[in-house]
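**Student:** Residue numbers (UniProt numbering), protein chains in the order written: chain Z, 1 to 104; chain V, 1 to 472.
Quick caveat, the hints were computed from the structure, so don't treat them as lab data. Virtual Cβ for every residue (Gly too), placed ideally from N, Cα, C. Please note that a few of the clues may not be correct.
[Claimed, not checked] Cβ pair distances, simulated, as ranges:
no.	chain 1	residue 1	chain 2	residue 2	range
1	V	LYS156	Z	ASN57	33 to 43 Å
2	Z	GLN3	V	GLY413	34 to 44 Å
3	Z	GLU55	V	TYR372	46 to 56 Å
4	Z	GLU21	V	ASN273	22 to 32 Å
5	Z	LEU14	V	GLY343	21 to 31 Å
6	Z	GLU55	V	SER433	53 to 63 Å
7	Z	ASN57	V	SER433	51 to 61 Å
8	Z	GLN3	V	THR191	28 to 38 Å
9	V	LEU14	Z	GLU21	16 to 26 Å
10	Z	LYS25	V	ILE275	23 to 33 Å
11	Z	GLN4	V	ARG405	48 to 58 Å
12	V	ALA272	Z	ASN57	25 to 35 Å
13	V	LYS156	Z	GLN3	48 to 58 Å
[Stated by the list, open to error] Below, in silico cross-link-like pairs of lysine to aspartate or glutamate (DMTMM-like), each with a Cα-Cα straight-line distance of 25 Å or less:
no.	chain 1	residue 1	chain 2	residue 2
14	Z	LYS25	V	ASP380
15	Z	LYS25	V	ASP373
16	V	LYS60	Z	GLU55
17	V	LYS376	Z	ASP84
18	V	LYS31	Z	GLU21
19	V	LYS457	V	ASP389
20	V	LYS448	V	GLU265
[Stated by the list, open to error] To give an idea of the chain Z side of the interface with chain V (calculated C-beta under 7 Å), a few residues:
no.	residue
21	ASN8
22	ALA28
23	THR29
24	GLN31
25	VAL45
26	ALA53
27	LEU67
28	PHE70
29	GLY78
30	LEU87
31	MET89
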Amino acid sequence: MSQQLFTNLAIFILSLLVGFEVMSKIPATLQTPMMSGANAIHGVVVVGAFVIAAEANNVALYILAFLCAFFAAVNVAGGYTLTDRMLHMFDRPKASKNDDGGDK
Amino acid sequence: MMSTLQTAASLVYLISAICYVLGVHLMRSPKSARNGNLLSGAGMLLAVIMVTIELIVQGKITAMGWLVLIAGLVLGVLYGVIKARRVEMTAVPQLVSLFNAVGGGAAAAIGIFDYFHMPTGSSLSLVFSIPVLLDIVIGGTTFSGSLIAMGKLAGKISGKPISFPGARICNFIVIIAMVVGAVLIIGFPVTPWYLGLVLLASLIFGLLMTLPIGGADMPVVVSLLNAFTGLAVAFAGFVINNQVLIIAGALVGAAGTILTLQMAEAMHRSVANIIVGGFGAGATGKGAAASDVPVNVTETTADDIGLQLGYAHNVMIVPGYGLAAAQAQHELAELAKLLTDSGINVNYAIHPVAGRMPGHMNVLLADVNVPYDQMKQLEDANSMFEDTDVSLVIGANDVTNPLARESGNPISGMPILNVDQSKSVVVIKRSMSTGYAGVANPLFSDDKTTMFFADAKTGLQDIIAATKQYLD
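Okay, chain Z solo, but in the shape it has when bound (with noise of 0.2 Å):
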């Protein structure tokens, strides 16, 4: 059990440290579509969704599961596809203009 942890621990504390050397010197143009990034990449959570759903055995857990379900795939889906939006804008070519426009 304490084997777990420790293990844990050290992927947590080193996962860290890879964060903030990946991470630093963004420059300000990016700076909201990496926070959206960010965002989406937290939407793992999603992954603790399925991993409760399957434990789940009474009406407060299942609604339980189901919420967290809803939750964590709103963050995903929708945290990659602003992302991705936002990001689009930055790579295509200057001389299409305004193809598809941005707003309505």
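Go by the hints and put chain V onto chain Z.
**Tutor:** Just chain V now, kept in the frame of chain Z:
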């Protein structure tokens, strides 16, 4: 020993974790950013497929379990995707805040689930109770806090710092309740209302933490809450012993922290100051600063602005949130193109916190095909103002306020765009109202400044029409 399934799962989760790290790494440059996000999304898909296979092979999940899981996922994906596709680019910050809230909520739900799943009266090991507690406290706080932040960014809740008498005492009571609940959960056998106490205290704490923070500081808070959600997800990973949650959560926790610090630095505010103080709280000089400034301003017309622009060599556009709020990016890009086509040098001076989040203005301008190299960041822009004939300030206020260079007011020390150094300044603004910080702007009454009171969209349309007369 691990079963084949566990081994396969661990390997797949490792691969998806690598995808997130490489994805975030690629997102640091505008060229590779989109691929980075897609790589991270691919990692996510891989993890979801793997956990689905695990559930099927284990066969433990009930039919009802599948039903609630699939219903939740389908509804959530539909809602999230529709929201993300339809949102106006100006409303991105509040949507990020919403996604953040639900992420925190989902993480908290995992902690609550696992506590309730323990039989009432059984005692918990620290290895279990501490991560559950951290998960619920952080997840609950970020859930309610992000919803308030969303309301403030969307203008549904006043952007002004909200405080009430006895707020400190409330904070104190909530923290005490949280600590008591925590001790009960850690030290005593499982009892549902212990958890109810901690959850309620965390939700109220999120409200109390976010309400007193002013709209101008909201981007920093959203970023901080984003980091919190990451940590909550990591602790949820400890609770269910799933490494991909721990890795991704910690990654976002660290990334969010760095972004928060960078943003706070751009606003010259410390994070602790923002959270503890609220914007301008304790600055009794606030009212004084506002009344010190004379309101003698010179008004101008679209025709005069057209003339000024038509005969300028270097024009610097300073866009602010007013531009975004009026949806006037297209008109602005049209005016800029008109000037550029006549050989006038046009650039955009973008303050790090122009718009509602760092980089938000860049997103809005990229949306209307403004060339990347015309967007000048704070330092580059400030070195160009002395050679600028006309600075066109559109819906920006606090980020141009020279009072920031003086002490004793709420925006003291905030880095600003030195618009007042250019040869002439034209400000398009709807009224003389102050910006988010609530400080009057002496730039507006400067001798070389003229004011054009109009909505950014109609104002720019008039200016475009006027400018056309003086070109070609």
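**Student:** Next step is simple, just say for each hint if it's right about the structure.
**Tutor:** Hint check:
no.: 1; hint: LYS156(V) with ASN57(Z): 33 to 43 Å; result: 39 Å, holds
no.: 2; hint: GLN3(Z) with GLY413(V): 34 to 44 Å; result: 50 Å, violated
no.: 3; hint: GLU55(Z) with TYR372(V): 46 to 56 Å; result: 49 Å, holds
no.: 4; hint: GLU21(Z) with ASN273(V): 22 to 32 Å; result: 27 Å, holds
no.: 5; hint: LEU14(Z) with GLY343(V): 21 to 31 Å; result: 55 Å, violated
no.: 6; hint: GLU55(Z) with SER433(V): 53 to 63 Å; result: 54 Å, holds
no.: 7; hint: ASN57(Z) with SER433(V): 51 to 61 Å; result: 57 Å, holds
no.: 8; hint: GLN3(Z) with THR191(V): 28 to 38 Å; result: 29 Å, holds
no.: 9; hint: LEU14(V) with GLU21(Z): 16 to 26 Å; result: 18 Å, holds
no.: 10; hint: LYS25(Z) with ILE275(V): 23 to 33 Å; result: 24 Å, holds
no.: 11; hint: GLN4(Z) with ARG405(V): 48 to 58 Å; result: 56 Å, holds
no.: 12; hint: ALA272(V) with ASN57(Z): 25 to 35 Å; result: 45 Å, violated
no.: 13; hint: LYS156(V) with GLN3(Z): 48 to 58 Å; result: 49 Å, holds
no.: 14; hint: LYS25(Z) with ASP380(V); result: 17 Å, holds
no.: 15; hint: LYS25(Z) with ASP373(V); result: 19 Å, holds
no.: 16; hint: LYS60(V) with GLU55(Z); result: 8 Å, holds
no.: 17; hint: LYS376(V) with ASP84(Z); result: 24 Å, holds
no.: 18; hint: LYS31(V) with GLU21(Z); result: 20 Å, holds
no.: 19; hint: LYS457(V) with ASP389(V); result: 23 Å, holds
no.: 20; hint: LYS448(V) with GLU265(V); result: 31 Å, violated
no.: 21; hint: ASN8; result: 6 Å, holds
no.: 22; hint: ALA28; result: 5 Å, holds
no.: 23; hint: THR29; result: 4 Å, holds
no.: 24; hint: GLN31; result: 4 Å, holds
no.: 25; hint: VAL45; result: 5 Å, holds
no.: 26; hint: ALA53; result: 4 Å, holds
no.: 27; hint: LEU67; result: 5 Å, holds
no.: 28; hint: PHE70; result: 4 Å, holds
no.: 29; hint: GLY78; result: 3 Å, holds
no.: 30; hint: LEU87; result: 4 Å, holds
no.: 31; hint: MET89; result: 4 Å, holds
The structure fails hints 2, 5, 12 and 20 (numbered hints given earlier, in ascending order).
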